[in-house]
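In the order they appear, the protein sequences are chains L and H. Final position of the first sequence in the working numbering is 313; the numbers increase by one with none missing. Final position of the second sequence in the working numbering is 292; the numbers increase by one with none missing.
For the record, the hints were derived by calculation from the structure and aren't laboratory data. Just so we're clear, the structure is a prediction, and the values are computed from it rather than from any experiment. Any given hint could be a false lead.
If you want a taste of the chain L side facing chain H, the calculated C-beta under 10 Å gives, among others [as the list claims (entries may be wrong)]:
{"id": "1", "residue": "Ile20"}
{"id": "2", "residue": "Ala26"}
{"id": "3", "residue": "Ile134"}
{"id": "4", "residue": "Gly156"}
{"id": "5", "residue": "Ala240"}
{"id": "6", "residue": "Phe244"}
{"id": "7", "residue": "Phe294"}
{"id": "8", "residue": "Met296"}
Coverage of chain H stretches by chain L, computed from C-beta distances (three or more under 8 Å per stretch; other residues unrestricted) [what the hints assert, rightly or not]:
{"id": "9", "segment": "87 to 94"}
{"id": "10", "segment": "215 to 223"}
{"id": "11", "segment": "228 to 237"}
{"id": "12", "segment": "266 to 279"}
C-beta: ideal position from N, C-alpha, C; glycine also.
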Amino acid sequence: MTLAIKAWMGKVRDLFFILILLVILALIPIFLADPYIIHLLTVASVYAIFSASWDLLSGYTGQISLGHAVFFGGGAYVAAFLTMWYNVPSPLCIPISGAVMALFSIIIGVPSLRVTGPYLTITTLAFAETVKAIVIAFPGITRGEEGFPVRAMVSGMVPNFYISLFLMTFSIIVMYYIANRRLRIPLTAIRESETTAQASGLNTNKYKVLSFAISAFFAGMAGSFHCYYMMIVSPALLSADTSFMAFAMGVVGGMGTIIGPVIGAYIITILSELLRGVIVRAHLLIYGIIFVAFIMLMPEGIIKSLSKLIKRS
Amino acid sequence: MIATITELIFSGLVLGAIYALVSVGLSLIFGIMRVVNLAHGSLLVLGAFLSYYLYNIIIPNPFITTILAALTVFALGIFIERLAIYPFRAYEMRVLMITFGLGIIVEQVVLLIGALGLWPMYITSRFYILGSIDLFGIKFSIQRLVLLGVSTILICGLWLFLTRSKLGKAIRTLAQDEEVAMIFGIAIERIRALTFALSSALAAIAGFLLNSIYMFHAHAGWEYLLIALAIVIVGGLGDVRGTIIAGIVLGLAESFVGYFISPSWRTTCFFISILITLMVRPSGIFRRGKET
Chain L
1 MTLAIKAWMG KVRDLFFILI LLVILALIPI FLADPYIIHL LTVASVYAIF SASWDLLSGY
61 TGQISLGHAV FFGGGAYVAA FLTMWYNVPS PLCIPISGAV MALFSIIIGV PSLRVTGPYL
121 TITTLAFAET VKAIVIAFPG ITRGEEGFPV RAMVSGMVPN FYISLFLMTF SIIVMYYIAN
181 RRLRIPLTAI RESETTAQAS GLNTNKYKVL SFAISAFFAG MAGSFHCYYM MIVSPALLSA
241 DTSFMAFAMG VVGGMGTIIG PVIGAYIITI LSELLRGVIV RAHLLIYGII FVAFIMLMPE
301 GIIKSLSKLI KRS
Chain H
1 MIATITELIF SGLVLGAIYA LVSVGLSLIF GIMRVVNLAH GSLLVLGAFL SYYLYNIIIP
61 NPFITTILAA LTVFALGIFI ERLAIYPFRA YEMRVLMITF GLGIIVEQVV LLIGALGLWP
121 MYITSRFYIL GSIDLFGIKF SIQRLVLLGV STILICGLWL FLTRSKLGKA IRTLAQDEEV
181 AMIFGIAIER IRALTFALSS ALAAIAGFLL NSIYMFHAHA GWEYLLIALA IVIVGGLGDV
241 RGTIIAGIVL GLAESFVGYF ISPSWRTTCF FISILITLMV RPSGIFRRGK ET
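Working from the sequences, and respecting the hints, build out all of it.
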């Protein structure tokens, strides 16, 4: 009984802590009117969704995807086409492009049932490169390498910041609920040992495809907001570099936690901006170095290492 | 029509030989370390850029600069293997991620140096020979003949090295069974570093050769990584002979797809070959003997 109360208290404390962080984030534009900082935080929120969606797939089920940019960039392209050709209102486009990406993920999700480990990683990486090549191959539709401009959803830094914050909070809560409550057991069972999971009567195929679809849905949403915010789509969104961002943020924050990638996204975005003064035009280089250093020295990520430290003391 | 097809086969063979050179390294690394080196493509591009740069500042002779570039990448390969891969050899996925990160780092360094103005953003190789030989009314460009010759010599040399020399035999023993190799007194650590460096250097040379066919940007590495991965998967991971065959077959395929459909569909063609192989025979289409 007391244990249950303690656990419950712990949860309440965690929730309270997260709530305070969110309120602080939401209040930032009021106290700090620096457009540059607001821009950074907006970008970090978008990447937080993207990276957390990657984590739902790769961190929980252990199917390391290196082609997650497909869903991010794909969502951006879908939203851009919907707005620029069919004049669909932007707020509607965001969930629509997420849903389209969830359907699209079946193309890669179903073959992934047969391949595991490094083969799956290679397949996803190759898939992303292929989609990028196809997008470039139709310059009549996609304007090739340059991409095309997109109408913004709302103008102004601060409204965009609040939209991104709202989207981020919403997506993270939903993903956290799905990953840690609804599907925690099947997903982690697949990660620990797929054969054992199958032997215990778990329909692993269903959950693998499902995790692909959910993950693609949120990545697509993040991508579509990104295109409205940046007001452009280009094949760079589909490149290995973009997949790498989700990947690096997830690893730095801690895989298999959903919250970890969010923290990783903020840390990496802000850190790389701080270091931008030292080396110009090299934020991905800095990401790369931080990422490799983390995998070598602290593969569990910040969250788990910190909580271990707290427990020990 | 026959002339066109002969030309297509010829250019496909040239591409295929170079691709085989790229992929053999990847396959060797997998055989020895059970690791897919995702930095391979970036190292290839780095080799091409280094060669271009050395041509401009030191000596305008493409062969010497390529050898110098390959040596630099060789040294870098030893460095990477010792520092970033060997200590984590027990964790397969971690090593995979590290090589991916290293690929990004190398790519970004190439971009950064380009931004500093040491080399342009897009390069084409400084190696061209004009002219062609007419044979039965079909033109064979001398440059492509040289490319084919060089890559064939390199592949044959590598093959002889692996099958005849003591070191090559050690490499193959290690690929088959690490414990047995250890019992026979093979210096595993040294062989691992050497193999990694050797295949990186091969990638660098192949980068230079490819660069005289295609233009390179710092980002090009991922595309060539994908091509090499497709070849390695079709040929069977770790199987040198299968990889060489697969390289030539896929080079021919690219040449035909490029002519009859469009050159921009080549990535798709490689991706489809990956998917088909993984569906039909995951251990490799051209693998000899039983499936493992």
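(request) Double-check Ala240/L for me: the hint is only fine if its C-beta lies closer than 10 Å to a C-beta in chain H. (result) holds (4 Å)
(request) Count the residues of the segment 87 to 94 of chain H whose CB lies closer than 8 Å to any CB of chain L, then report whether that count reaches three. (result) That given contact holds, which follows from 6 residues of the segment 87 to 94 of chain H lying within Cβ reach (below 8 Å) of chain L.
(message) For the restraint on Ala26/L, tell me whether the closest CB of chain H is nearer than 10 Å.
(response) At about 33 Å, which exceeds the 10 Å cut-off, the nearest Cβ of chain H leaves the hint on Ala26/L violated.
(request) Would you check chain L against the segment 228 to 237 of chain H, counting CB to CB pairs closer than 8 Å, and say if three or more residues qualify? (result) holds (count 3)
(request) So, Ile20/L near chain H? Judge it on the closest CB pair being under 10 Å. (result) Given a least distance of 33 Å, the restraint on Ile20/L is violated.
(message) Take the shortest C-beta to C-beta distance between Met296/L and chain H; is it under 10 Å?
(response) Because about 7 Å separates Met296/L from the closest Cβ in chain H, which is inside the 10 Å limit, the hint holds.
(request) Take the segment 215 to 223 of chain H, compare each residue's beta carbon with every beta carbon of chain L, and decide whether three or more fall closer than 8 Å. (result) holds (count 3)
(message) At least three residues with a C-beta closer than 8 Å to a C-beta of chain L: is that true for the segment 266 to 279 of chain H?
(response) holds (count 9)
(request) Would you check whether Gly156/L satisfies its interface hint, that is, whether its CB is within less than 10 Å of any CB in chain H? (result) Status violated, d = 32 Å.
(request) Let me know if the C-beta of Phe294/L comes in closer than 10 Å to any C-beta of chain H, holds or violated. (result) holds (9 Å)
(message) Given Ile134/L as an interface hint, is its Cβ closer than 10 Å to any Cβ of chain H?
(response) At about 6 Å, which falls below the 10 Å cut-off, the nearest Cβ of chain H leaves the hint on Ile134/L intact, so it holds.
(request) Tell me if Phe244/L is really an interface residue toward chain H, meaning its C-beta lies closer than 10 Å to one of theirs. (result) holds (5 Å)
In this structure, the hints that do not hold are numbers 1, 2, 4, in rising order.
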